[in-house]
Amino acid sequence: MKARIHVYLKPGVLDPQGAAVAGALKNLGFDEVENARQGKLIELDLTGDDADAAKTRVEEMCKKLLANPVIENFTVEMA
Amino acid sequence: MKSAVIVFPGSNCDRDAAMAIEKVTGTAPTMVWHQETALPDGTEFVMLPGGFSYGDYLRCGAMAGVSNIIPAVKAHAEDGKPLLGVCNGFQVLIETGLLPGALMRNASLHFVCEKSPLTIENGNTQFTSQYGANRDVIIPVAHHDGNYFADDETLDRIESEGQVVFRYARNPNGSARNIAGITNSEGNVMGMMPHPERAIDVDHGGTDGLAVFESILGSA
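Protein sequence lines correspond, in order, to chains A and B.
Counting from 0, one number per residue, gives the positions in the first sequence under numbering that gives the first Met the number 0.
Counting from 0, one number per residue, gives the positions in the second sequence under numbering that gives the first Met the number 0.
With the rest of the complex left out, here is chain B (with noise of 0.2 Å):
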């Protein structure tokens, strides 16, 4: 499956989600520049990477939500591909409207850095599909806004849906309901606070995250 890691400036997980992706794949992604408009041809999987693009200035994923590589990302989700948000890149993807809601800063306003207990809520998701039965998973976070917002309509209406793919087992940051990762939802957009890719060998104390890259790029 050939793979795309859009880069901002203020990234800093790219690299990590590279290794995830190839780590899997065996192949190494294209790195798209945001500047760039369009993706690679033939690109199946995107990924928006974590880190403080832009400087998280206005709000965080605001900028990175209007680049220019922005219309081409949306083109690949709007075609059913797969495409996954990590941290910032969740922030981005709320930010573009593809996914529902609002990522406001931690209620203790603390940056939160830490190994996160987390309880997979769907696991028939494109994106979650390989962890099996498993259901608890120990995931880290670091980010200082991912205390996730939406009115108790939308917040029912993903639940029902299915939408809640992640919730922590130990609220880190205020999310109401304990929301960690959502979809859209067609299913095929993801974005989650914890870093999956942060998971993906034992150096790292823990591979619960490699199953995230797994369920995506697993047939490929």
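Bound conformation, chain A alone (with noise of 0.2 Å):
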């Protein structure tokens, strides 16, 4: 079974990683970029088959390790 995390900056928080990415596209003539916001993707590889209660447990790795829930939010998918 794997795991599928994507973390990514609240709204509203200031991402000048995104900004600078954006400003990379526009100087290459992508003129249609208004924004970037730039986050992470974790996948991870778990044991079991139980999807219910394996995706629990990601939600807790998440806000234990994987995001920093101050400034970070995220969704798990199973696959």
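Honestly, the hints are just simulated from the structure, not real lab data.
Check before you lean on any hint, since a few could be wrong.
What the hints assert, rightly or not - Below, a list of computed lysine to aspartate or glutamate pairs in the EDC-like style, where the Cα atoms sit at most 16 Å apart:
no.	chain 1	residue 1	chain 2	residue 2
1	A	9	B	150
2	A	39	B	55
3	A	9	B	151
Claimed, not checked - What the simulated footprint calls covered on chain A by chain B, stretch by stretch (three residues with Cβ under 8 Å from a Cβ of chain B suffice, anywhere in the stretch; the number is not a length):
no.	segment
4	8-18
5	60-69
Bear in mind that the values here come from a model prediction, so they are computed numbers and not experimental data.
Ideal placement from N, C-alpha and C gives every residue a C-beta, glycine not left out.
Each of the two chains sits in its own frame; use the hints to bring them together as a complex.
Structure follows, in structure tokens:
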């Protein structure tokens, strides 16, 4: 079983790296880029076959380590 | 006073921290490897040094914040004993939840390395009492992720409780309200991005950091 975790900055939290990415894309001529936000993708390989129980555990992992709840949100997809 | 400096893989200010402590107390601190699970008996002061623990993987301080020694460090803080985190040490204290807020990438995206003029906002803490009436000091900063962030409610609370101890006179990183160093609500845990241990000798170009160590350790 796999878990795919997206960790991204909360709306309103300044993302200087995303701003730099947007600026670089504009420099390359991609004028349609209004804004960029940069996050992280973490994939976990998990033992077990109960996806609901696994998801609960993964959410706990996010709260304890993988995301910083002060500045970041996360989503978990099981696959 | 018996002191301990915690050493993580990637710490690089641990020996500077030890020298600062020894300069004030005359006694070298115990260097405690992060895989230990207990502090030496009788430890009264713990310092988390600067550096790049675990290569700043995931988030600065995140891995160090869950290493084996941390429960003992938390217990030390919960006993009301002094705990100081400098730079990466501040990031670790934030990650462990001992201090509020977050430290984000500098707003400029640049690593900043300079002598930073600071204002002492609270000279009545156990980390600043020896500054006396002096409120303007210069202490070096050297970091990429020192941009202090917290929601407005938290910022208002720590300001009103006197937990904002150091403020930048010339904000190098975009920190909310120019915050450079804070304590917990009990006042026994302090985190700061500037490096007081790098300003303890005239050969460093200044000695404005020494009073931090004299304040904590002076009664030893």
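With a C-beta cutoff of 8 Å, work out whether three or more residues of the segment 8-18 of chain A approach chain B closely enough for the coverage to hold. holds (count 4)
Need the status of pair residue 9 of chain A, residue 151 of chain B: alpha-carbon distance at most 16 Å? With Cα atoms ~15 Å apart, residue 9 of chain A and residue 151 of chain B stay inside 16 Å; holds.
Residue 9 of chain A and residue 150 of chain B were given as a pair; does the straight-line alpha-carbon distance stay at or below 16 Å? Status holds; Cα separation ~11 Å.
Assess, step by step, whether the Cα of residue 39 of chain A is no farther than 16 Å from the Cα of residue 55 of chain B, and give holds or violated. holds, 14 Å
Whether chain B covers the segment 60-69 of chain A (at least 3 residues having a Cβ closer than 8 Å to its Cβ atoms): Held - the segment 60-69 of chain A has 5 residues with a Cβ nearer than 8 Å to chain B, which meets the minimum of three.
Checked against the numbered hints given earlier, this structure breaks none of them.
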